[in-house]
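Engineer: Sequence:
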Amino acid sequence: MKTGIKRNESKKLKEMRKELNRNKKSLEKAQEKILELEKMALLGNLVPSISHEINTTLGIGVTAASFLEENVEDLNKIYKKGNMKKSDFEGYLNIIKESSRLILNNLEKASMLVKSFKEISVDQFSDGKRKINLKQYLEEILSILQPKLKKTKHKVIIECFEKIEIKSYPGIIYQIITNLIMNSLLHGFENKEEGTVIIKVIEKDEIIIIIYSDNGKGISTENLTKIYEPFFTTKREVGGTGLGLYIIYDLITKKLNGTVECQSEIGKGTKFIMKFYKNINEEKGGL
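Start counting the sequence shown at -12; every next residue gets the next number (the working numbering).
To be clear, the hints were calculated from the coordinates, so they are not data collected in a lab.
The C-beta atom is built at its ideal place from N, Cα and C for all residues, glycine as well.
Each hint should be verified, as a subset may be incorrect.
[Said to hold, decoys possible] Only pairs whose alpha carbons sit at most 20 Å apart, straight line, appear in this in silico SDA-like list of lysine to any residue: (1) Lys262 to Ser207; (2) Lys179 to Asn166; (3) Lys73 to Glu85; (4) Lys67 to Tyr79; (5) Lys179 to Gly205; (6) Lys122 to Asn266; (7) Lys213 to Tyr236.
[Stated by the list, open to error] Simulated restraints on C-beta separations: (8) Lys154 to Lys241: 12 to 20 Å; (9) Ile83 to Asn268: 54 to 62 Å; (10) Lys118 to Lys191: 18 to 26 Å; (11) Asn63 to Leu94: 23 to 31 Å; (12) Asn266 to Glu85: 58 to 66 Å; (13) Lys241 to Asn58: 58 to 66 Å; (14) Ser87 to Thr43: 18 to 26 Å; (15) Lys241 to Leu136: 28 to 36 Å.
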């Protein structure tokens, strides 16, 4: 009788383990889906701002080109009449120089925006590692976020040596930095006209340390213990999903085999200290 009971219990335990494994796999798939959706949401939120910025930039270039064309025609008419003065020529020369500079600057700006967005978009949906200059890549991220940032008086300062190169997942770096900046804009700088974000990079042997800090309103001790929980947000009514910091924690600890620590006090801003390997290697253990 006892043997039969033990067999039944053993069978039930096996079934429970199988069910737990199935649930675990379902949860992992759901988490992967959430990450993919968040990637698309991050890019989707930026598309209107970037499109507007490119249209504005190209619009200035087109206006300058039209103005240049009109002045070249006027110059040509004066030349054909044979009554061109030195002052006329110098005046038109200045207009041509200024218009050409305006056209070139705006075309370069539009080109850089398209290049940065294209590169970062590819990184978002690629699982590949590649070598990047960290300072240059952080600056590319900022150029993509600039159309959103320029609507505010907030500043983002990058403190990073020029020659720090890492072999890692650029798309993950983009997601982490973008989520942190958007978190500062939505939460940290609420009701604050001018805020400052500092992204400081330290290279220590084979470890990269990124210290992200803002001078926003800070996080309460009570909420500090919950920030990495999925769907925890204090801003659900204005579009907060509660996934930003959860995703950051997940990406740093699981994808980069790193660590993240948050320090914050009400009224004293927030600081995130992130550490990960300079050259990512899945065979290495976590930090």
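Engineer: Does each hint hold? Answer for all of them.
Structural biologist: These are the hints, each one checked on the structure:
no., hint, in the structure
1, Lys262 to Ser207, "violated (24 Å)"
2, Lys179 to Asn166, "holds (19 Å)"
3, Lys73 to Glu85, "holds (18 Å)"
4, Lys67 to Tyr79, "holds (15 Å)"
5, Lys179 to Gly205, "holds (12 Å)"
6, Lys122 to Asn266, "holds (16 Å)"
7, Lys213 to Tyr236, "holds (12 Å)"
8, Lys154 to Lys241: 12 to 20 Å, "holds (18 Å)"
9, Ile83 to Asn268: 54 to 62 Å, "holds (56 Å)"
10, Lys118 to Lys191: 18 to 26 Å, "holds (19 Å)"
11, Asn63 to Leu94: 23 to 31 Å, "holds (25 Å)"
12, Asn266 to Glu85: 58 to 66 Å, "violated (48 Å)"
13, Lys241 to Asn58: 58 to 66 Å, "holds (60 Å)"
14, Ser87 to Thr43: 18 to 26 Å, "holds (19 Å)"
15, Lys241 to Leu136: 28 to 36 Å, "holds (29 Å)"
The structure does not agree with the numbered hints 1 and 12 stated previously, though it agrees with the rest.
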